[in-house]
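Enquirer: For chain A, the structure is supplied; the task is to place chains B and C with the ligands on it using the hints.
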Amino acid sequence: MDPKVNGQLQNEWGGLIALYLFLGGVGGGAYTIAAINSFLGKSMELSTTIGLWIGFPALFIGCLFLLADLGNPGKFFLAGLKPGTSWIARGTGIISLFMVFSFIHLVLHQFTEVSKTSVGMNTIAVLGIIFAVFTIAYTGLLLSASKGIPFWRSGIVPVVFVISGLVTGHFLTIIGMVIFNEGAKTVSQFSTMALEASVVVVVEVLAILFFLNAAYKQPDSRESVERIMQKTIFIVGYFILGLGVPLVLMLILRYALNESGLNTVLAVAFIGALLGLIGGFLLRLAILVCGALPTLNMGGFQFRRIAKPKDLKPGIGLMPPK
Amino acid sequence: MIDNTKVKEDVWIPTCCGQCYCMCGIKVRRQDGVVTQIEGNPDAPTGRGSICVKGLASPHLLYDPYRVNYPLKRTNPEKGLGVDPKWERISWEEALDTIVKKLKECQERDPRGVFFQATTTQASEIRFGVIGFMKAFGTPNYWVSGGGLHCGNGAHFMNGIMHVSWSIIPDFAHCNYALNFGCSKGHGAGHVAVQNATQVADARFRGFKNVVFDPFMSAQASKGHEWVPIRVGTDGALALGLVNSLINEHGIYDAEYLMYKTNSPYLIRPSDGRYMRDKETNNPQVWDLVDNTPKVHNDPSVTRVEYEDEAHEVALTGTYNVDGVDCQPAFELLKEHVKKYTPEYVEEITWVPAATVSRIAKEFGEAAEIGSTVTIETENGPKKIPRRPVATHFFRGAQGHTNSGWTCLSIDMVNHIVGAADTYGSALGLGGTVQDGYKKTGKPYQIPYPCPDGLLKAKAWVYDHIPYPLREPKQPTRLDLHDMFPTSIYNAFTICSPKWFDILERFKIPYRPDVMINFGSNSVMTMGNAEAVTENFLKKFKFIFSFQLYITEFEEAVADIVLPDACYLERFTPAVSFPSTFSHPQGEDDWGWTIRQPVIEPLYERRDFNKVMLDISKRCGILGKYYKGLNDAIPMRYGGEMEEKNKLVEDGSVEHTWEDVCDRLVRDRFGDEHDLEYFKKRGLFTWPKRKEDVYWKWFNPSRVPVYFEYFIDSGEKIAKLWDEYKGNDFFKFDWSRFKALADWYPCPTHTEKDPEYDMHTFYWRAVAHCNSLTQQNPYLDECAQEDPHVYAVQMHQDTAAEKGIKDGDFVWLENPQGHKVKGWVSLCEGIEPKHLAIAAVAGHWGKFMPIAKGKGVFFNDLVEMDLEHTDPLTFNQDICCRVKIYKAD
Amino acid sequence: MPQYGMVIDLKRCYGCYACVMACKVKNHTPPEVFWARLLKGERGKFPNTMRQALPVLCMHCEEPSCLEVCPTGATQKLDNGIVIVDKDKCMGCKACIMACPYGARYSVDKWESYFPDGLPLSEYEEFAKKYWEEHSGCGVATKCDFCLDLLEEGKLPACVEACAANARTFGDLDDPDSEVSTLIRKYRGEVLNPELGNKPKVYYLAPR
Ligand SMILES: Nc1nc2c(c(=O)[nH]1)N[C@H]1C(S)=C(S)[C@@H](COP(=O)(O)OP(=O)(O)OC[C@H]3O[C@@H](n4cnc5c(=O)[nH]c(N)nc54)[C@H](O)[C@@H]3O)O[C@H]1N2
Ligand SMILES: Nc1nc2c(c(=O)[nH]1)N[C@H]1C(S)=C(S)[C@@H](COP(=O)(O)OP(=O)(O)OC[C@H]3O[C@@H](n4cnc5c(=O)[nH]c(N)nc54)[C@H](O)[C@@H]3O)O[C@H]1N2
Ligand code: SF4
Ligand code: SF4
Ligand code: SF4
Ligand code: SF4
Ligand code: SF4
Ligand SMILES: [Mo]
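Protein chains in written order, with the working numbering: chain A, 1 to 322; chain B, 1 to 889; chain C, 1 to 208.
One or more of the hints may lead you astray.
Just so you have them, the derived chain C footprint on chain A, three or more residues with Cβ under 8 Å [to be verified]: (1) 10-19; (2) 88-98; (3) 135-148; (4) 284-298.
Partial list, derived from the structure: chain B residues whose beta carbon lies under 10 Å from chain C [claimed, not checked]: (5) Val35; (6) Thr36; (7) Gly49; (8) Asp64; (9) His187; (10) Asp202; (11) Arg204; (12) Ala219; (13) Lys223; (14) Trp227; (15) Val767; (16) Gln797; (17) Gly830; (18) Pro850.
Quick caveat, the hints were computed from the structure, so don't treat them as lab data.
Note that the Cβ used here is the ideal one computed from N, Cα and C, for glycine as well.
Looking at chain A on its own, in the form it has when it is part of the complex (with noise of 0.2 Å):
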């Protein structure tokens, strides 16, 4: 193979396919929390009803970008007829049942007056719980069940999402408390949260961390790996303004600032919240564009699409020097 000549990248799926990800992953992630947040009870009340609040509605609006992507949206009806193999066939039927069972515990726990800890409402916590991780993960199982993109069919990549998932459903949910705080109170529950989050972004690089390795050592997928690490978006949008900054403010969230005063909590926990949802958007965009087609192999050639050059103007030297 000519190792200098770019491979090309799959340009089908950008924005639209990006901000669906990230709004299945911020929904599934915030419901999730905010179920298992219901389970500690009175403590995260705050923090259960925003994230109740977001998980429904942010699916939704994540579900109108699919469809805004589409060519055809028209058709967009067929779209579960074959849940035997396709993986949004399948997806329609996961995000569907997870609306039900958001919706419904919103209603039920917004509502009525059933029992925070009674039988069917854990019943149906359980179950959303269940839908919403494997809204999160049907996400990455989206991409995972791409063939032609190398670098996205590793098993890593639903992990990679639900975690992420969980670590932007931790910000939105922090950044919907930030503007519905209850005053002082409310502080403790930022600590909470600020604790949960670091906890999963940590893994988060963990997990990020382990996927590009495992990437770059697949041949196929090494070419989306070096293009990935040259983006700006990633590096320094994602890894360092997306992880490690909201990562550091939230354990000042979490440590420092147990003596400060509310605006100081909220603003630090907006602030961190806000770049770690934009980090989360980031990475899903940058594995899609970074997603480059696979190489053939063939009489011991490597053979690849190639990338256009981005200028192919190179003006002529018309005028030669008098």
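Expert: Only chains B and C with the ligands this time, still in chain A's reference frame:
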């Protein structure tokens, strides 16, 4: 309104492609009046149903919204590169009025002030509108710009002498081992491209070996049996090295062939290198080894026409005393002469390892199977002929240098040493020029015959530089002094010289460039440095009008009027594949005479060039002469006199339409039943090729030279004439190239001393592009972008690393004269590390070809057009350059 | 039912793009869509370098991963083995494009002219646009269909017909005596990246 929902038209019209001169037979699909698809015509021997990527893509040529559709006139009096012509649409009437007025003024001043420039690509149209008009108007001034200068001047000349053809090619069907010196025959570009591709693929399949000498890994090199990277411009040295190695190292040569089919046995007197001639007949002499006495070359006892003829052996080596003079056979001189091309010396020049030179010579010699024969079926029953399944072949790559003529000859010489010429399995004249015509009419006819000296002569030839015998050098009358130079058709170093008018003055040429008629050529881009071409040459014309499909860089820079021509899908051409240049199936497949016909009426106000030329001639009052011009040209170019009844009426009493001209020509060649109507239905007429025309060598009494005795004479004559004019004040000619034995001469590329200019550069043809035209076809442009190298400068990755250049970087290439071009690099392994390869005639900058604009690299700005960069023998242009490469911002 | 397949002899193929263009002009594919495509490869260090072209198209896999992921049933495998897209069922999710390891699928959002400046379409482009919209369409997945329409007329696929080097052979893989089966057997035809498990029906004969 016509209700055309009912007329669902879907027809296939047979005609002929016109995007390169391979002239493949095609079928064009027209659906409801729209051309929608093009395929190969299975009846056409040029490709038997297949065509190339360019042919397939050509509906866009017909419908491109950027085509010129109306006559245009320049309103900005300023001319030059990058000047906006400020075009204004005018009517055909106005255009023709202006043109005829200018022509008439010129005619009064001196009709020779008209200069006809044409594109090589439309060679078949040239034979009518251009030739007829030149003869009628009375001007000798003509050229096909980059065509010939870049390609052909060396090859056509030498292959004409040796094979009566424009080029040579292995008999792919039976050849086992070929040496390719810089040509893509059978691999995309080149000639008879499609049929050759089929043949060479079949050959590869059965184990045919093609050893490819090329500085970069071209399509042919990648499909070859072996790629031997060679330093650009040194093929002649390598070929002479092979000749030396064959004769002197391995002792392999085909004595039979050399004795009876070449002038190898001609005795040469040492005093002046001339033939020993018989006192009585003045014929050259050979030494009869049986009778031990000199004989004239054509004495029946020492000649063999057919292989099975019997004759005495004649001396190829040794020294013989004739009339008191110790003389030697030409072959002996050749044998001695090439001794200096030792494998080691050759390695020094070519960078091909000495051991490789020696090995390849041996492989080639052994594969020739000298002595082997085969029996073929001829009209006169089965005949035994030599079988020589080896060949060397070459074209643009090897000949584009200041050593062009001798290089071409040297490469072909390798064939002649082993008898591998125009016989079974060997190097054949490309396109097959030898033919005895369609049985019923005996036309087109071309059977070569010997001159009194025994050397091969052809009656019909497509050009006026008859390869043999050479014209007498004469006092010049042409603007490029052509009459003085019998070994070339035209040159760039005179007319592109800043001293052009001083030269004309000195050489007593009484007129000056006046009106230029351009048919197609984009000479601003296809010859050399654009500024020199424009400033020194094109701007010297008072008035230029141009038949074009597009407004190219040429029209933008210098044309006063642009006429919208019909493209090949919109016009009639009565003879496309003939004369025999590059449009014939090579080998044993049938002859095919193809025509071109409009598949739709010309769109907008486009008009067929040939019709317009008839019209202009009429308006100039020279129509009768125009007809006479065609009548005179046809026998020469299409092999055989016209029947009286088919001749155009020369007194002008009858006005022939263009269709009538077409009809007369085809009926004259193939009988009344094969009239234009017949051709419209089939697109072509085919008839079987005789085997003895394919493998004509041992059926023909002629010989070819290995010793170019007559060059010495010619050189002396030109030098004398030159000195009469003190020509050396302008150009310091090296007349020593006019000599009898081949040598290799370095190009400026090889003698450059400045270590800064450390890279060699050259160009190659991409399969998806033909010269400067196809870049505007969006399908082809897109296709070219699929190749990592086509629009880039190919560079070896190690060299790039040394220079700190990365893949995709923009660079400047600058020659020692300070001319430079910009492009981006694509790094690879498949190139000799000291070379940079550039594809096509790319890097368009004209505003009116937006698809083409800015794609690729404009190589030709690096090409100098002075004598130093010209082959002093054939005037082929030097198109290898030494450059320095550095990063652009 | 025949099981259609193709054999591409890389020893014959010299990388001329005629198949690419034949497919483009037959199917009137818009910019950047190449159902038939040509990839170029190089290997080895100078001077022991080799270059080779690899023509690719839809492999009409026995186990098409594109079909697996298609949620709507638009992608179908016909009885004769040809994998097609039913444009009326396709919702344009592009999952199949991502799933095809051979890069054989394309989708365009809208039909675009090749020419800049928004000039009125030429008659040829009008025709091409109409043809594309009728036969393939925008917003949906598109791909090589082995020139099904030509097969029905008893003709060969356009790319096969165009190849001057006769590098492409088309026929019935189920028939052991067909030209394709014979070539595969005799010259040990291989498929691209067999490890993917798609079981392509386009076979290649080795370049050397
Ligand atoms: N860098 C570089 N330079 C080269 C070459 C190269 O490969 N690279 N090749 C060299 C060689 S070998 C040659 S032969 C020359 C060729 O040089 P040219 O003879 O100038 O040929 P083209 O570049 O093909 O230009 C053909 C022109 O004719 C026009 N044309 C095409 N068809 C028709 C028609 O039917 N009617 C009319 N009126 N016009 C038509 C096209 O629009 C185009 O402008 O270039 C030489 N120069
Ligand atoms: N596709 C396509 N076909 C064409 C044309 C076209 O433009 N495109 N043009 C037509 C015309 S006008 C012509 S003249 C013919 C020309 O046809 P060819 O003569 O076959 O043309 P090129 O591809 O220019 O040259 C052949 C090879 O020579 C190599 N080469 C360059 N310099 C040297 C050298 O010094 N020594 C050696 N050994 N190799 C060298 C180049 O790398 C290239 O691979 O093609 C005709 N057919
Ligand atoms: S080889 Fe030349 S004549 Fe033949 S189809 Fe291609 S462009 Fe046309
Ligand atoms: S047409 Fe034939 S030779 Fe040309 S690239 Fe395609 S398969 Fe290869
Ligand atoms: S090559 Fe791709 S598109 Fe074609 S059948 Fe196989 S997976 Fe599907
Ligand atoms: S784009 Fe169409 S064919 Fe492809 S998977 Fe989606 S619905 Fe199926
Ligand atoms: S079979 Fe038909 S559709 Fe498929 S690549 Fe060949 S020409 Fe294109
Ligand atoms: Mo040429």
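Enquirer: Would you mind marking each hint as holding or not holding in the structure?
Expert: Right, here's what the structure says about each hint:
Residues of the region 10-19 of chain A lying with their CB closer than 8 Å to a CB of chain C number 3, which satisfies the three-residue condition for coverage. Using a Cβ-Cβ cut-off of 8 Å, 3 residues of the region 88-98 of chain A lie near chain C, which meets the minimum of three, so the contact claim holds. Taking a C-beta to C-beta cut-off of 8 Å, the region 135-148 of chain A contributes 6 residues in contact with chain C, enough for the three needed, and the coverage statement holds. Evaluation of the coverage hint for the region 284-298 of chain A: fulfilled, as 6 residues show C-beta separations to chain C shorter than 8 Å, against a requirement of three.
With a least beta-carbon distance of about 7 Å to chain C, the hint placing Val35 (chain B) at the interface is held under the 10 Å criterion. Using the Cβ-Cβ criterion of 10 Å, the hint placing Thr36 (chain B) at the interface with chain C is satisfied: the shortest such distance is roughly 5 Å. Contact between Gly49 (chain B) and chain C, as hinted, is supported at the beta carbon level, the nearest pair being about 7 Å apart and thus within 10 Å. Restraint check, Asp64 (chain B) versus chain C: the minimum CB separation of about 7 Å is within 10 Å; hint holds.
For His187 (chain B), the suggested interface contact is upheld, since its CB lies about 5 Å from the closest CB of chain C, less than 10 Å. For Asp202 (chain B), the interface hint holds, since its Cβ comes within 10 Å of a Cβ in chain C; the closest pair sits about 7 Å apart. Interface hint at Arg204 (chain B): satisfied, since its Cβ lies 6 Å from the closest Cβ of chain C, which is below the 10 Å cut-off. Given hint, Ala219 (chain B) at the interface with chain C, holds; its Cβ is 6 Å from that chain's nearest Cβ, closer than 10 Å.
Because the smallest distance between the Cβ of Lys223 (chain B) and any Cβ of chain C comes to about 5 Å, under 10 Å, the interface hint for this residue holds. The interface hint given for Trp227 (chain B) is met, as the beta carbon of that residue sits about 7 Å from the closest beta carbon of chain C, less than 10 Å. Checking Val767 (chain B) against chain C by beta carbon gives a least distance of about 5 Å; that is within 10 Å, so the hint holds. The criterion of a C-beta within 10 Å of any C-beta in chain C is met by Gln797 (chain B), whose closest approach is roughly 9 Å, and the hint holds.
At a threshold of 10 Å, the smallest CB-CB gap from Gly830 (chain B) to chain C is about 5 Å, leaving the interface hint in force. Interface restraint check for Pro850 (chain B): the shortest CB-CB distance to chain C comes to about 5 Å, inside 10 Å, so the restraint holds.
The structure is consistent with each of the numbered hints, conforming to all of them.
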